[in-house]
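Here the protein sequences come in this chain order: A and B. So for the first sequence, the working numbering puts the first residue at 1; every next one is plus one. So for the second sequence, the working numbering puts the first residue at 1; every next one is plus one.
Hints in this document: simulated from the structure, not taken from any laboratory. Misleading hints may appear alongside valid ones.
To be verified - To give a feel for the contact side, a few chain A residues facing chain B, derived at Cβ under 10 Å: (1) Gln-141; (2) Asn-142; (3) Ser-148; (4) Gly-150; (5) Tyr-181; (6) Tyr-482; (7) Val-485.
In this text, a Cβ means the ideal position worked out from N, Cα and C, and glycines have one as well.
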Amino acid sequence: MIKTGTEIFIECLKKENVELMFGIPGGQVLPLFDKIYDAPFKFILTRHEQGAAHMADGYARSTGKTGVCLATSGPGAANLVTGLATANMDSIPLVAFTGQVPTSLIGNDAFQEADTTGITRPVTKHNYLVKDINFLSEAIQNSFYIASSGRPGPVLIDIPADIQKASTEFVWKEKPDIRSYKPNLKGHPVQIKKLAEAINAAERPVLYVGGGVIIANASAELLELAMKAELPVTTTLMAIGSFPPDNALNMGMLGMHGMYWANMAMQNADLIIAVGSRFDDRCTGKLSDFAPKAKIIAHIDVDPTSISKNVAAHIPVVGDAKNILTELVKHVNKKKHTQWIKQINNWRREKPFGYENDSKLRPQYVIEKISEITGGEAIVTTEVGQHQMWAAQFYKAKYPRHFISSGGLGTMGYGFPAAIGAKLGNPKKPVICISGDGSLQMNIQELATASINKVNVIVCILNNGHLGMVRQWQQMFYKRRYSAVELFTHEAKRCQPIPDFVKVAQAYGAEGMRVTRKTDVSHAIEKALKIKDKPIIIDFIVEQEENVFPMVPAGAALHEIVTSLA
Amino acid sequence: MRHTLSALVENKSGVLARISTLFAARGYNIDTLTVGETDDPSVSRMTITVRGDTKILEQIEKQLNKLIDVIKVFEYSQTKHIERDLALIKVKADKNNRSEILQIVDIFRADIIDLSHETLMIEITGDEEKIEAFVGMLRPFGIKELVRTGIVAMARG
Numbered sequence: 001m002i003k004t005g006t007e008i009f010i011e012c013l014k015k016e017n018v019e020l021m022f023g024i025p026g027g028q029v030l031p032l033f034d035k036i037y038d039a040p041f042k043f044i045l046t047r048h049e050q051g052a053a054h055m056a057d058g059y060a061r062s063t064g065k066t067g068v069c070l071a072t073s074g075p076g077a078a079n080l081v082t083g084l085a086t087a088n089m090d091s092i093p094l095v096a097f098t099g100q101v102p103t104s105l106i107g108n109d110a111f112q113e114a115d116t117t118g119i120t121r122p123v124t125k126h127n128y129l130v131k132d133i134n135f136l137s138e139a140i141q142n143s144f145y146i147a148s149s150g151r152p153g154p155v156l157i158d159i160p161a162d163i164q165k166a167s168t169e170f171v172w173k174e175k176p177d178i179r180s181y182k183p184n185l186k187g188h189p190v191q192i193k194k195l196a197e198a199i200n201a202a203e204r205p206v207l208y209v210g211g212g213v214i215i216a217n218a219s220a221e222l223l224e225l226a227m228k229a230e231l232p233v234t235t236t237l238m239a240i241g242s243f244p245p246d247n248a249l250n251m252g253m254l255g256m257h258g259m260y261w262a263n264m265a266m267q268n269a270d271l272i273i274a275v276g277s278r279f280d281d282r283c284t285g286k287l288s289d290f291a292p293k294a295k296i297i298a299h300i301d302v303d304p305t306s307i308s309k310n311v312a313a314h315i316p317v318v319g320d321a322k323n324i325l326t327e328l329v330k331h332v333n334k335k336k337h338t339q340w341i342k343q344i345n346n347w348r349r350e351k352p353f354g355y356e357n358d359s360k361l362r363p364q365y366v367i368e369k370i371s372e373i374t375g376g377e378a379i380v381t382t383e384v385g386q387h388q389m390w391a392a393q394f395y396k397a398k399y400p401r402h403f404i405s406s407g408g409l410g411t412m413g414y415g416f417p418a419a420i421g422a423k424l425g426n427p428k429k430p431v432i433c434i435s436g437d438g439s440l441q442m443n444i445q446e447l448a449t450a451s452i453n454k455v456n457v458i459v460c461i462l463n464n465g466h467l468g469m470v471r472q473w474q475q476m477f478y479k480r481r482y483s484a485v486e487l488f489t490h491e492a493k494r495c496q497p498i499p500d501f502v503k504v505a506q507a508y509g510a511e512g513m514r515v516t517r518k519t520d521v522s523h524a525i526e527k528a529l530k531i532k533d534k535p536i537i538i539d540f541i542v543e544q545e546e547n548v549f550p551m552v553p554a555g556a557a558l559h560e561i562v563t564s565l566a
Numbered sequence: 001m002r003h004t005l006s007a008l009v010e011n012k013s014g015v016l017a018r019i020s021t022l023f024a025a026r027g028y029n030i031d032t033l034t035v036g037e038t039d040d041p042s043v044s045r046m047t048i049t050v051r052g053d054t055k056i057l058e059q060i061e062k063q064l065n066k067l068i069d070v071i072k073v074f075e076y077s078q079t080k081h082i083e084r085d086l087a088l089i090k091v092k093a094d095k096n097n098r099s100e101i102l103q104i105v106d107i108f109r110a111d112i113i114d115l116s117h118e119t120l121m122i123e124i125t126g127d128e129e130k131i132e133a134f135v136g137m138l139r140p141f142g143i144k145e146l147v148r149t150g151i152v153a154m155a156r157g
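Produce the entire structure from the sequences given, and follow the hints as far as they go.
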């Protein structure tokens, strides 16, 4: 059947089962928006294209489906870049559509023209500029396939306005077939056997688990493996929720702000089994002193470039974590590592984890309460900074896809729009964004989006009046010379935080609350959880100079972990 | 150490940009790069020579393979293969030394392709070593211009 470009666009999205799209219209996407007017999916109008990309991302991370966003040419496309880069670093399936000036004007510096595929090439898994209407449906079909398969990532499709209006025969392939793209999903049986033998022989094994386990939906297989061979598990920031928080084998997060015993276990292990993790510098500390006692490092990853990039792997296994773990479990022996577990427990006792739980309102306490009240069953998103690390340390996410954070790129302004996307994808789940007073202001305009669409996300601001993480580094490494980190004015009698978040909430039609006393924390959270028809901001005025510990200073080895200021 | 990589890629716009972006973003240095159509007009072959240790080479190879438009990558350091480079050299030559240059051209089996009162243009094909040796022999006469295609390579057999 002959269809126009815009009809093909809608038809393809129907075939890909798209239920939700985020974005903002503009000159070069007017034809698409004319079709979106009565499309069979919901379109969420955001207030900034970056918000649209992060919402699609939060939707994708929390549901496992592909997120979709749409922006106009030039500035619209450029505003997507941070969102694409965020998704790219964390391997999140996203398809972004952008309008482009008509093909006859490309390269002419036309109004709102930008080289969108050029700008986004380094921050996407792949991108297309569709210059021929006959390629449009294939480009869209390929994009959804590329975004969601192998190591997932964002894909952008740039569609010039004249292509949107052109017509052609609509073709839909049974299955996309790209001759140059064949991700390897099945692990090599010889490598899997080799890894099983290494596990069976190991005395001090550690499972070092990353976000790949969540992407591959391999949590059940991971649990089975860890229990069968009694393997202590440490998770990266991206893997929080992939392993039950109350399981005795769960050592918690490792790395810069990880648990002391998890880092000590890495440094003393004789076998490290990395699963869907990529030996990021925040996890390894100083590379030359990383895991000095490891005789074997094994690495399971779907992306061959992750293997032996930072740390050489003795047993590389390329493939999908779910497939590989399923096979691996069959070959490992049931075993106990009593001595090793005892050693780890000794480390736990040696430097226990906690904070000064006094009468003051401390940020860690707020997160502990969120965790307690929700039972770890709420979807928590975070912004980036101190609050993010406290959330990682204190929120006990019970399930995968329940802890959502910009890990690789570390994008401030990510958490709030991501929470909106997560809530729209999971309307029955409570969704809480743990934020700082700095981060929230980077996409605060999306309060309008949440309000108008009655998205009852709860934003818990741990308001310390500072860009807290930078302040902490300046305190620890720059002699407390606080340079450009204060978020309040000195002019008023007492330090007055700007803005008044309660008034901001009210101005946007959201609920605003302020909590200044420890005793009011639980009540505020419980009250917020009952509100169903609008977003809620709770402004927790917390201790200003609280620091995140433990901490491995930049450039130090994992065991050189600092647990307090002194 | 210098390595030669050969990649079959989709013959469409943007592919070269993807590859050069990859090298720039990861801090790899391209020594030479040649691109041309293969017998299948939808496929181009790129020959890339790079310097680096085996760890960097392994990463480059994997990163190239990861690009959606790259069909296949060959790395030739462990394979018997032939490499060729073509150079055009404009050298100062007058009636006094022209015959001397012609002798060198003869020995290297190069060709004179243009002649003027003051210059000669010479075409030479060969591996990098041969071309460098030839250029070395011509240098004392005065090289006015030199252009090289970069290396193309093919596995034997």
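Evaluated hints:
Nearest Cβ of chain B to the Cβ of A:Gln-141: about 14 Å, over the 10 Å cut. The hint is violated. Satisfaction of the interface hint for A:Asn-142 is found here, the shortest Cβ-Cβ separation to chain B being roughly 8 Å, below the 10 Å cut-off. Proximity of A:Ser-148 to chain B is violated relative to the hint, the smallest CB-CB distance being about 14 Å (cut-off 10 Å). Of the supplied interface hints, the one on A:Gly-150 holds, with its beta-carbon coming within about 9 Å of a beta-carbon of chain B, less than 10 Å.
Annotation: interface hint on A:Tyr-181 holds; nearest CB of chain B at approximately 5 Å, less than 10 Å. Checking A:Tyr-482 against chain B: minimum C-beta separation of about 34 Å lies over 10 Å; hint violated. Look at A:Val-485: its Cβ only gets to about 31 Å from chain B, farther than 10 Å, so that hint breaks.
Checked against the numbered hints above, the structure breaks hints 1, 3, 6 and 7 and satisfies the rest.
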